[in-house]
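> Chains as they are written, first to last, in my numbering: chain A, 1 to 494; chain B, 495 to 988.
What follows is a set of in silico ranges between Cβ atoms, one per label pair, in the way DEER data are often shown: (1) 694/B <-> 40/A: 27 to 35 Å; (2) 1/A <-> 766/B: 44 to 52 Å; (3) 107/A <-> 657/B: 33 to 41 Å; (4) 90/A <-> 700/B: 49 to 57 Å; (5) 596/B <-> 40/A: 39 to 47 Å; (6) 474/A <-> 595/B: 52 to 60 Å; (7) 123/A <-> 658/B: 56 to 64 Å; (8) 93/A <-> 657/B: 41 to 49 Å; (9) 495/B <-> 72/A: 32 to 40 Å; (10) 74/A <-> 695/B: 53 to 61 Å; (11) 37/A <-> 495/B: 35 to 43 Å; (12) 73/A <-> 495/B: 36 to 44 Å; (13) 313/A <-> 941/B: 50 to 58 Å.
Keep in mind the hints are simulated off the structure, nothing from the lab. Ideal Cβ placement from N, Cα and C applies to all residues, glycine included.
Number of protein chains: 2
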Amino acid sequence: MTFDQAKESFLTTQRQAYSFLSAVALMYWDLQTIMPPKGVSSRSQVLGTLQGEIFRLTTSDAYGAVMDTLAEAPEKLSAREKRMLELAQWSYNRNKKIPADAYEAFSVLTAQANHLWKGAKEKNDYASFSPHLQKIIDYARQFAEYWGYADKPYDAMLAEYDPALLTAQIDPIFSQLLSGTRKLLSRAGENVALPNVTVPPERQKAVGEYLLAAMGYDLDAGNLFTTEHPFTCSIHSGDTRVTTKYHPTQPLSSIFSVLHEGGHGLYDQNVSPELDGTNLRDSLSMSIHESQSRFWENTVGRSLAFWETHLEKVNQLSGVALCDDPKTFFRAINAVRPSLIRIEADELTYNLHIIIRYELEKAIFNDGVNSDTLPELWAAKYEEYLGVRPKTYAEGVLQDSHWSGGSFGYFPSYALGNLCAAQFANAFEKQHGSLSGHVQTPEGIALLVNWQKENIHRYGAEETPRRIMERVCGENINPDFFLQYIEKKLAEVY
Amino acid sequence: MTFDQAKESFLTTQRQAYSFLSAVALMYWDLQTIMPPKGVSSRSQVLGTLQGEIFRLTTSDAYGAVMDTLAEAPEKLSAREKRMLELAQWSYNRNKKIPADAYEAFSVLTAQANHLWKGAKEKNDYASFSPHLQKIIDYARQFAEYWGYADKPYDAMLAEYDPALLTAQIDPIFSQLLSGTRKLLSRAGENVALPNVTVPPERQKAVGEYLLAAMGYDLDAGNLFTTEHPFTCSIHSGDTRVTTKYHPTQPLSSIFSVLHEGGHGLYDQNVSPELDGTNLRDSLSMSIHESQSRFWENTVGRSLAFWETHLEKVNQLSGVALCDDPKTFFRAINAVRPSLIRIEADELTYNLHIIIRYELEKAIFNDGVNSDTLPELWAAKYEEYLGVRPKTYAEGVLQDSHWSGGSFGYFPSYALGNLCAAQFANAFEKQHGSLSGHVQTPEGIALLVNWQKENIHRYGAEETPRRIMERVCGENINPDFFLQYIEKKLAEVY
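Excised from the complex, chain A in its bound form (with noise of 0.2 Å):
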């Protein structure tokens, strides 16, 4: 094989997984939104079927070769396809070491899982669900084994959401975030709460859609639906989907949730149109990937200046006023409350969250900490830190999905990305000048998109966290900006 019959391969390779997984992801999506109930359970087997073929295709003898061809002769690579190369020889290497069997029955056992844990948060029955869960954590740590780590075992999971994140680097980070953190807890006073008010599916999708055009996102080049779970779903170039649930007596819900995926939104919807075709439309990691949907859902979505501009339209959208005014607006929308429940929780207490369930599954992989002891560690540590106590398996350790479906290291970028978040604000306001100026107009907005454009998300996977942290933020990720940016807000709010 000549080397550039190699390239040719490897290009081709590469568009075929592309196209792939543009059609998983399709199916997907079809699958949580707008497909038919009696369709379950032969979508489950034709994606099964495609995730196989993709499997297949990227772990093949033969593209080993053609990557170890062009690995032979670098230099006759751009910039762009030595990149393409690493991140594929990388998800090679970690997949190849995985027996195809072990592989299989880890994914058939975390689908099962995923619908045991189901019925038995409904049921608040963790008996029946831990010995599933003590599988899977025995599978993981077999995964971990088999992947390699340079230190801990829990550094093999982490990688599977950012290839260079170790417990090493986020250890300080959290340690100085928790005791910053609890500091700044004592700051929390008295609480304004806002009207009940009803709001109708259909006027809340009006509200979301205005909001996502306000913020950038091009409803063009994507859409909004409904789901169990918010999510978001890039299905190729010009075609970003997002999603959320709408709860009648609770339109905030859907609000932040429509920021939130927004921003997640933006970024897939802003990689170069360039990196079709290539493992680059990837994201670089998900801790940068959660600084954009956290950015939004916070920095920007629970700002005093945003909703200035935005809350006359959204009340007039939502036939109700949620709020008269924007000030008691931002107190309620930013009120501090330590509470059980990680999704719901404040910009505050949201990294304790967090930080619980990072160091709950560093004792999993690292300390042998196994299933029928994560409920009363759980419960102790939300004692600690946030001083409640879930009375519930359901508003404890049964409360995220995350562990059923065998995602052990994906928690820590939800915080991290917070960090981030607070970081590329501070380096946009050195550029530019304060945000809050800039979200009151739309010509401000486009800035903002743009400037997130071009400094984050048209990269795609094409540059490392560590390297674009470090471009735009002069350094890697640091706790401090974010603890300021919470200080400042707390001062505003009580």
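Assemble chain B onto chain A, guided by the hints.
Same frame as chain A, now just chain B:
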């Protein structure tokens, strides 16, 4: 390769091809219904890659060798597996005969031509389109030679939609249908007109879903969305979708398109789930498929009995009376009026539109007629058979999209479907008595749908069209039944 290995490999390839086809079906449906407009370019590329993958998979030498191994010991295969092999080998041999570059060039050409056809039709400009059509004709003629045929080149085109269908079989059928129809044309008398009403899309949708449910289409295994050109899309077992288009001032248009697509939908919903993941989930021929859509659209959907039961509810859901009296409604929806546009034609003259297209297609493939003479031939035949002459190309030779997409040989399916529908109705009535009584109750409809399912739908492509016709109707396609049926209807209408 042992026989057992070959069998496993064959079934795996079937499942892969099925999954890819399923993904292509969903991507196409999505493209036509809800995809954001900016996704078009990437979607086309992804679809192209997936279709190329299906072609590669089902024409690979390895797959050919696998099938050869199976064909050496057919006694070891079940009847179902033998039929799978027969169809797979048929497609394999057919596709293998076209050089890959010719196939690709043809795909690109028809994709462009379809776009150019739309523009040409809008501008009534045949001159600009004619050279493109000629290129498509040249390719198709070349394909016919590659594919081969026993008698006439046009047979190679017909085979795409029914492997066993021959010009020699259709000629006498259409000849009898033509003379019978021309005789009956004189029976048409004065027509009644319906009031002009406007029904907003959301109400038309409610009507559509009501009718789909009434005809036994399972809305939990499908759905109703809108598209420019209505179609039915079977994605996989448990998910067969139908589409329609709402013209506010022409509510009948979507009513009959829903009944038509609902007929296709019922068929695909009722294919045995055991055939999932194989090439037997396809329909056996387009004539039989169209027989089911035309059966529900016309035999049931334009019957007095059906509207005696449903007109009141449809009026109510429409928010305005389409007509107050079922008998008047029946006369109006069955009015015979020779006209220029196929898709607006009544049940009697519809077949003449098809016969004209069939004769032109034969002339193209068997007699060397080229694109430059088609408009005049078209006009002359309309004048001769229907007594009307198109004043524009848009209402003449440019009216249908089929040729621009390279689909020659499809048109006969529509008329043959009408004939089969009448034969099926006759066979059903012999067993269960008059259709009229059955279509007036949910139990009667259930009996009818179940009869169709047991006798036709469940087989998918497991049976040949001929075997189905002979088993269910006692003979192959015979126009007598349709001519008797339509003569009786004309007597009721006029």
